[in-house]
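Knowing the structure of chain P, use the given hints to seat chain V on it.
Each chain, written out:
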Amino acid sequence: MEGKKVSATVGSSEKKEGATESGSEQLSQTAAAAATTTTGTTATASAAGVAKTIEVRDVNLFYGDFHAVEDVNLTIQPNKVTALIGSSGCGKTTFLRSLNRMHELTPGARVEGHITLDGEDMYARGVDPVRVRRLVGMVFQQPNPFPTMSIYDNVASGLNLNAGKIKKSQRDAVVERSLRGANLWEEVKDRLDKPGLGLSGGQQQRLCIARAIAVEPEVLLMDEPCSALDPVATLAIEDLIGELKSRYTIVIVTHNMQQAARASDLTAFFNLEESGKPGRLVEVGETEMIFTNPTEKATEDYVSGRFG
Amino acid sequence: MPEVAARAEYVEELTNLEQSALGGLDLVNDALTRTLEAIEHQDIELAQLVVADDDRIDGRYLEIHQSLITLLATQSPVATDLRLIASLLHVLKNIERMGDQCVNICKVIPLSGNEPPADEEMVKRILAMGKQTRVLIAQAKRSFLERDVDQARDLVRQDDVVDNLNRECFYLALAIGDDADRREWAMTMLLTARAIERIADNAVDIGEQVAFVVTGLFREFEDASHPA
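These protein sequence lines are chains P and V, in that order. For my numbering, count along the first sequence from 1 and bump the result up by 627. For my numbering, count along the second sequence from 1 and bump the result up by 94.
By construction, these hints were calculated from the structure, which means they are not laboratory data. Remember, predicted model here, so these are calculated numbers, not experimental data. Every residue gets a Cβ at the ideal spot worked out from N, C-alpha and C, and that includes glycine. There could be a bad hint or two in this list.
Unchecked claim - SDA-like, lysine to any residue: derived pairs with alpha carbons at most 25 Å apart: (1) P:Lys924 / V:Glu106; (2) P:Lys872 / P:Gly746; (3) P:Lys924 / V:Ala102.
As the list claims (entries may be wrong) - Quick list of simulated restraints, FRET-style, between CB atoms: (4) P:Glu923 / V:Gln160: 30 to 38 Å; (5) V:Ala146 / P:Glu901: 53 to 61 Å; (6) P:Gln885 / V:Thr109: 18 to 26 Å; (7) V:Asp124 / P:Gly869: 47 to 55 Å; (8) V:Gln113 / P:Asp745: 49 to 57 Å; (9) V:Gln160 / P:Val754: 56 to 64 Å.
Said to hold, decoys possible - Part of the chain P face toward chain V, derived, beta carbon under 7 Å: (10) Phe918; (11) Pro921; (12) Glu927; (13) Ser931; (14) Gly932.
Extracted from the complex, chain V is given alone in its bound form:
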């Protein structure tokens, strides 16, 4: 049977939409890089830029979301195509949330004030969390594009590093002392650590979508309510 031209266009469009959707992860990685820099240097201007630039991530979300809905309405995708579209709709939401978490961090940076950080150890750990989360984001994207379930599953292991650092931040905050200003700073930093931890979790969620696209089965790699 001859290849049907209209169908070939659809296949190409779906491929392009996937590239474009996952390209959102590069935007998130850029935003996170700037966010970490803003934390490290208490750079309020840079933080403002991250907040403003989040519109790009949201815009991409809306645009690709609409295109995927159009494909669903006009092309009746099934099987792998259907699973890919369903997972992209999911992943788009993950990406949008990751961008929002960067914004959340950048909004609290001014609250940490111009004073030197109350606890260098905590900042060190938050920056380490951010660096590790960037690794997760890149790996989530690569595993999706390559449909590599093993690589996707490995995100859980990578995420453990982030979780452990987050826990250490919590204990450092507990030990920060009685001074009200120091306590306020520590609280702000805990929110920051928490936001980064959420970004990494979203990367793991994307990994779960990789497994769904490949196998057709959706399973959480690790269920927070039933730890492995």
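For reference, chain P alone in the conformation it holds in the complex:
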């Protein structure tokens, strides 16, 4: 139900916003280009190189009067997995949501500072947030396939917003490519018309990833994508993240320190000095460095499990 509501909102803002034109065109072109290559493997090669750099400069995030995140400066590199770690309430999820303009969806929430996607200011006047969310996809903690939709329609849901622009054959190709890209195709190809909710938790999460990559985003944000999954499904998602980084810029929030150590190239540690104060980015560096020889004592204490 919630899913339907979201798609309806996105659809309506699409209709009324003139600024979405360029975004939708770019989207349909990419989808058409991808559709000409029918198998997942060749599509992977054709889509390589679209990953983009996110530059975060002097970003402060607020919920009304509450200052949630303070003075973040960070470069998120293309074709790398950047993990955001830190204890609950340190602002890492809030920060993640600012990277695709989802933070402002909370009433009273606002963003100060600059976030650019390959030099283009996401928050500049006239930039359509819906287009930003297309280019910067999000995968959530709890797998959230649209409950009434089939597996096929779940993946195609983003494309369906452009209904009429894409032929059925092209749509089929994008669905297959996306499911292959999410390592799910072999498991579901014979039941594409069955409900997405019939899948296991791990499969549902891969379905959500397939849905996110169907619209050819440039960045994938993942908010604790494995916290609701068992260890086997978790490893499957981590493998997938490793494959996806050849095509996308990936940012993942995780509470699982070993997951950050295993799956990411760069790790950013957020910390909250005391409750009521804003969260800050304490240290960012190569994951190997953060987990073997961090610079800051607060980072060392956190990754070593010395809380308090």
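Relative to chain P, chain V alone:
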């Protein structure tokens, strides 16, 4: 955030394991002291005791090694903890080797026979090497416990004393003459000097681990193939 009790236990256990592992250096120092005494007095009984007691060093090695592996498996240590555990696994091996070198010496003592030493000068130098190596062992332990890189680095300088004495032993052995018995004695003493020199080198290796724990970078203080 509250201190998590299970984590505090882990931190305490790691500290205890470090103390216990480095305590192995005290066992080595005892073994070396006895070994030197056995050399000086040609005391074969004492030498046998050193050989038998080496089981204590080996036993400690196995016990702490297992405990460290368990910590790795159950606690996922990272950062300084991880470096400490990695270096302790290394240091344990150094300690075990140092104990074995004492055993090697004690096994050849009977070969030196009951005759008075063929060359008092050589014995004097070997005992001096042993005394200096005990200084190195104690300093290696202290520098590790205190995470003192300067003190650890100073081991190289201390080790030069041992190396120079070892070289002098070599030339004394060369000059020992043609007599077969004297030559055999000199060979045995050279093996002894060599074993002590190895013990001192292991102490320097422990110093390198100190630098690794503190800085996160492993560098040999001095590379034998590329002398400074």
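Each hint, compared with the structure:
1. P:Lys924 / V:Glu106: The given pair, whose Cα atoms are some 19 Å apart, holds under the 25 Å limit.
2. P:Lys872 / P:Gly746: 20 Å, holds
3. P:Lys924 / V:Ala102: At roughly 17 Å apart (the allowed maximum being 25 Å), Ala102 (chain V) and Lys924 (chain P) satisfy the hint.
4. P:Glu923 / V:Gln160: 30 to 38 Å: Given range 30 to 38 Å: holds, Cβ gap about 33 Å.
5. V:Ala146 / P:Glu901: 53 to 61 Å: 59 Å, holds
6. P:Gln885 / V:Thr109: 18 to 26 Å: Given a distance of about 23 Å, which is inside 18 to 26 Å, the answer is holds.
7. V:Asp124 / P:Gly869: 47 to 55 Å: 52 Å, holds
8. V:Gln113 / P:Asp745: 49 to 57 Å: This hint holds: roughly 54 Å between Cβ atoms.
9. V:Gln160 / P:Val754: 56 to 64 Å: Given about 59 Å between the Cβ atoms, the range holds.
10. Phe918: Holds - the Cβ of Phe918 (chain P) comes within 7 Å of chain V, reaching about 4 Å at its closest.
11. Pro921: 6 Å, holds
12. Glu927: This hint holds: Glu927 (chain P) lies near chain V, its Cβ roughly 5 Å from the closest one there, short of 7 Å.
13. Ser931: 5 Å, holds
14. Gly932: Result: holds, 5 Å to nearest chain V Cβ.
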